[in-house]
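Mind the numbering: the sequence shown is residues 1 to 411 in the working numbering, read in order.
Treat the hints as calculated values from the structure; they're not laboratory data. In this text, all values refer to a predicted model and were calculated from it rather than measured experimentally. C-beta: ideal position from N, C-alpha, C; glycine also. It is possible that part of the hints are untrue.
[What the hints assert, rightly or not] Between beta-carbon pairs, the in silico distance windows are:
1. V18 x L185: 16 to 22 angstroms
2. Y80 x P189: 16 to 22 angstroms
3. P306 x V270: 26 to 32 angstroms
4. R281 x P43: 42 to 48 angstroms
5. R281 x V14: 28 to 34 angstroms
6. V305 x V387: 17 to 23 angstroms
7. A384 x F209: 35 to 41 angstroms
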Amino acid sequence: MVSTQSTPAVRPPVPLAVVIFAGCAVAMLSFGERSAFGLFLTPMTEARGWSRETFALALAVQNLVWGAAQPIMGAISDRYGTARVLVVGAILYSVGLYIASIAANPLVLQLGMGISVGVGLAAGSFTIVLAAFGRSVTPARRSIAFGLGTAAGSFGQFLFGPLTQGLIDGVGWERAMVILAVAVLTIVPLAYALKGRAGSDAGVAPQTFREALTEAFGYRSYVLLVFGFFVCGFHLAFIAVHLPPYLSDLGMSPMLGAWALALIGLFNIVGSLSAGAVGARFSKSYSLSALYLARSLIILGFISVPVSQASVLLFAAGMGLLWLSTVPLTSGLVAVMFGPRYMATLFGFVFFSHQIGSFLGVWLGGRIYDQTGSYDLVWWISIALGVFAALVHLPIKDAPAPRLQEPAPAA
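Model the full assembly from the supplied sequences, consistent with the hints where possible.
What follows is the structure, encoded as structure tokens:
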């Protein structure tokens, strides 16, 4: 088997420990803030007189724009470097949150929370960070590095859940959103440590951008991975946005919803690190299959018993272990299949599928609730999709694509 390690000429000009720290901090900020957006649903819709579908549609557009822009931002990062993309992402993210804080009508909300934040997330998300990790560590340690980056995003969720609810209670939702807009600009100085771009894979025939896309979408395992990651997006977006109002509808404190999201983030630190370690030793595709099936079982258990504070916290802990654990395994499969040269781009297309799922999870949650007054149907859709994803991942090959198993032609 030919090595897929990148040439050292393009590795970041800073120590590896600094790269990992900065990347984890970026993931913590970008994903942590984003995971708390659902806490704004109730106070914002009540203040503006909007339906839940109005707010949910803005986040659905955000997820769709994030996904559509992710391959583009990944391609720019692969070609021109990570730091520039992260800086642009942080600025767009911050501007979008400020626009949302002053939005007086749904259109302005869509422009801010939907489009600007969506593009900002694509340019400043952990997807770009993981690609930087992929070129900075050896192939044997990539899965563990991806687990660290994902765990950092989970810690951000744990941190920003109760912090955001505390800000909303203390200074109001408008000022809370402005504070988040300012905080995300911390990504700008952190971006320097992730400076650099991927080079050609050592010992492998060089490949153009178009050839990389043709190879990926002609490879059955990659296509199945794209379909499977759709389900992850549906699960995460629906639960992150609609779990807090679901609990409020049942007469529970808004803070319980905030702590449920925080607990998901806390337990996913363990889940992400464990997934990274598992992916380094066992089949990533089989591990993903088991993970999605476990999600369905946990959701089924949650809706089958009377909802109480204890059941909510148990559900949050169980889902937390599986929340972003898909990311180190999925990104690890992309790196194994094709190497790090076009990883930001190729994982970006996988992530686009994830965000289509996120769009449907957020929007259908609001739509079905407004039509039926209940989230029951969406919970059952989530269970069925988990079983579907478990089956889809079984045939995926956890091995390099044929091109990486062949020696490069003689010069």
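Hint check results:
1. A hinted range of 16 to 22 angstroms for the beta carbons of V18 and L185 is consistent with their spacing of about 20 angstroms.
2. The hinted window of 16 to 22 angstroms between Y80 and P189 holds, with their beta carbons roughly 19 angstroms apart.
3. Between P306 and V270 the CB atoms are about 28 angstroms apart, so this pair conforms to the stated range of 26 to 32 angstroms.
4. Separated by about 46 angstroms at the C-beta atoms, R281 and P43 satisfy the suggested range of 42 to 48 angstroms.
5. In this structure the supplied range 28 to 34 angstroms holds for R281 paired with V14, their Cβ-Cβ distance being about 29 angstroms.
6. At about 20 angstroms, the beta-carbon gap between V305 and V387 stays in the expected band of 17 to 23 angstroms.
7. In this structure, A384 and F209 meet the distance hint of 35 to 41 angstroms, their C-beta atoms being roughly 37 angstroms apart.
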